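Enquirer: Note that the protein sequences, when read in sequence, are chains L and V.
Per numbering that gives the first Met the number 0, the first sequence starts with residue 0, numbered consecutively.
Per numbering that gives the first Met the number 0, the second sequence starts with residue 0, numbered consecutively.
Simulated from the structure, these hints should not be mistaken for laboratory data.
There is no bait here: all hints are sound.
Looking from chain L toward chain V, a few residues come up when the C-beta cut is under 7 Å (computed):
1) VAL242
2) PRO252
3) GLU254
4) SER255
5) TYR300
6) THR301
7) SER302
8) TYR303
9) THR304
10) GLN310
11) PRO343
12) PHE399
13) ARG400
If you want a taste of the chain L side facing chain V, the calculated C-beta under 8 Å gives, among others:
14) SER241
15) LEU253
16) ALA299
The structure displayed is predicted, hence computed values, not measured ones.
Don't be surprised by glycine CBs; every beta carbon is placed ideally from N, CA and C.
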Amino acid sequence: MTPFSALSLLRQGLSGQRGWKPQWRSPEPKSAYDAIIVGGGGHGLGTAYYLAREHRLTNIAVLEKGWIGGGNTGRNTTVIRSNYLFAESAALYDHALKMWEGLSQALNYNTMFSQRGVLMLAHSVHDAQVAQRHVHANRAAGVDNEWLTPREAQAFCPPLKIDDIRYPVLGAALQRRGGTARHDAVAWGYARGADALGVDIIENCEVTGIRLDPQGAVVSVDTTRGPIRTQRLGVVAAGHTSVIMKMAGVALPLESYPLQALVSEPVKPVFPCVAMSNTIHAYISQSDKGELVIGAGTDAYTSYTQRGALQIPSHALEAICELFPIFRRLRMLRNWGGIVDLSPDRSPIIGKTPVPGLYVNCGWGTGGFKATPGSAHLFAWTMAHDEPHPINAPFTLERFRDGTLIDESAAAAVAH
Amino acid sequence: MLLIECPYCGERPEPEFAYGGQAHIARPPHPAAASIEEWTSYLYYRDNTRGVHAERWRHTRGCGRFFNALRDTTTDRFLATYRAGERPPPSPGGRS
Chain L
0 MTPFSALSLL
10 RQGLSGQRGW
20 KPQWRSPEPK
30 SAYDAIIVGG
40 GGHGLGTAYY
50 LAREHRLTNI
60 AVLEKGWIGG
70 GNTGRNTTVI
80 RSNYLFAESA
90 ALYDHALKMW
100 EGLSQALNYN
110 TMFSQRGVLM
120 LAHSVHDAQV
130 AQRHVHANRA
140 AGVDNEWLTP
150 REAQAFCPPL
160 KIDDIRYPVL
170 GAALQRRGGT
180 ARHDAVAWGY
190 ARGADALGVD
200 IIENCEVTGI
210 RLDPQGAVVS
220 VDTTRGPIRT
230 QRLGVVAAGH
240 TSVIMKMAGV
250 ALPLESYPLQ
260 ALVSEPVKPV
270 FPCVAMSNTI
280 HAYISQSDKG
290 ELVIGAGTDA
300 YTSYTQRGAL
310 QIPSHALEAI
320 CELFPIFRRL
330 RMLRNWGGIV
340 DLSPDRSPII
350 GKTPVPGLYV
360 NCGWGTGGFK
370 ATPGSAHLFA
380 WTMAHDEPHP
390 INAPFTLERF
400 RDGTLIDESA
410 AAAVAH
Chain V
0 MLLIECPYCG
10 ERPEPEFAYG
20 GQAHIARPPH
30 PAAASIEEWT
40 SYLYYRDNTR
50 GVHAERWRHT
60 RGCGRFFNAL
70 RDTTTDRFLA
80 TYRAGERPPP
90 SPGGRS
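Based on the sequences and whatever the hints tell you, model everything.
Expert: Laid out in structure tokens, this is it:
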């Protein structure tokens with residue numbers, strides 16, 4: 000791998016950009032690997048990267064049924080924050096946020112991480128109380144979060160209209176360390192880094208079966224490109240995780256729903272932060288290309304179609320137009336859906352399963368992108384040590400049996 | 000937007016309805032005797048079917064009644080709707 004530097008950019012610029020090489024290989028699958036990751040999104044590629052870099056496992060494959068980063072990694076709205084209510088969640092997401100802060104340097108790949116601040120609006124007395132509870136809980140857990148008056152919120156985000164609207168803004172919680180990153184770059188950076196460490200990234204390779212030995216441990220996977228042996232299998236397949244895990248006879252408490260997003264035509268830089276509203280349900284930021292990136296809610300029903308109903312993004316746009324009247328005449332360019340795996344408490348499941356050698360990282364629901372580096376790092380640790388890292392130890396599959404839920408569903412920033 | 004056939008009112012647009020999740024989930028018949036695994040399964044585990052899915056809907060902004068439907072979750076196409084208490088009709092070609 001040739002490292003990127005100012006010098007390499009200059010040299011390529013002078014030679015017409017014709018000297019760039021592919022950033023990762025397209026190898027044929029081998030007959031066996033020490034570890035296989037199912038799912039070539041950011042979480043899966045990152046897991047392979049950390050397994051290779053920190054745990055000295057190099058004979059690793061990532062199997063992706065489509066192309067890498069073509070699932071939810073390329074479909075989310077790129078918001079990064081760690082202001083979750085419960086201490087377990089704050090520790091998990093802040094682990095990720097701290098890794099984001101050094102990720103571009105670590106990968107030698109510009110993830111365009113921008114800590115522009117995440118502003119969460121309150122529109123009712125109840126909203127304000129909940130947001131202030133979050134602020135205090137976060138500060139007690141060592142995570143930055145602060146309360147702004149309506150005027151301060153408007154000063155931080157000038158396009159925001161705070162009064163003379165149906166739900167006036169009564170204040171806002173601001174996490175200044177939050178922000179956005181370039182989602183594709185995260186997948187590409189991890190793919191390039193993992194490939195350089197010897198990981199085989201195998202695209203267009205769908206897993207069709209998981210085989211167990213008579214003792215019930217993983218021995219191989221069947222794929223559309225032939226069977227591959229492994230005794231260590233990590234499944235990070237987002238909305239399709241329950242389909243894959245069923246192949247090993249493991250049921251999961253997940254339901255897959257479409258989640259929609261949309262972007263506007265590009266405009267000059269006008270929106271300085273990420274703004275979210277739980278009550279009237281919308282969130283918005285502006286990409287470096289100038290498009291406004293807008294998140295809508297989940298559709299009402301379970302589905303695997305990667306599309307949803309029009310009334311869902313329409314509802315989000317009504318909220319955006321109310322809060323940010325300057326955007327009322329903007330046209331929308333694209334609208335799409337991704338399939339998200341929601342767990343009952345809206346917290347992820349990262350850990351071992353009842354099948355020896357089979358590990359799962361799922362249940363990220365509507366908010367997995369922000370956790371990508373932390374999730375990958377902890378899942379690699381879990382697969383390498385055959386036990387969870389202390390940070391992901393509370394996020395077991397068994398918590399539903401034991402009643403130790405981490406109930407962010409009631410505490411979420413945006414209604415799931 | 001889905002067009003959903005309420006067994007009582009006929010075809011109506013999706014915003015008239017509320018989704019009720021997987022159908023035909025029976026509460027443990029003897030709650031005090033049910034094991035912790037049975038309770039966990041009843042409370043939290045769903046089939047999350049990729050293919051033909053039996054699910055509940057309620058015609059909230061119409062007749063207000065619950066009914067069941069078979070829908071293919073890979074296409075969102077409804078194969079049938081039927082009244083609560085009835086058995087699901089056979090679904091040819093369904094995969095799970």
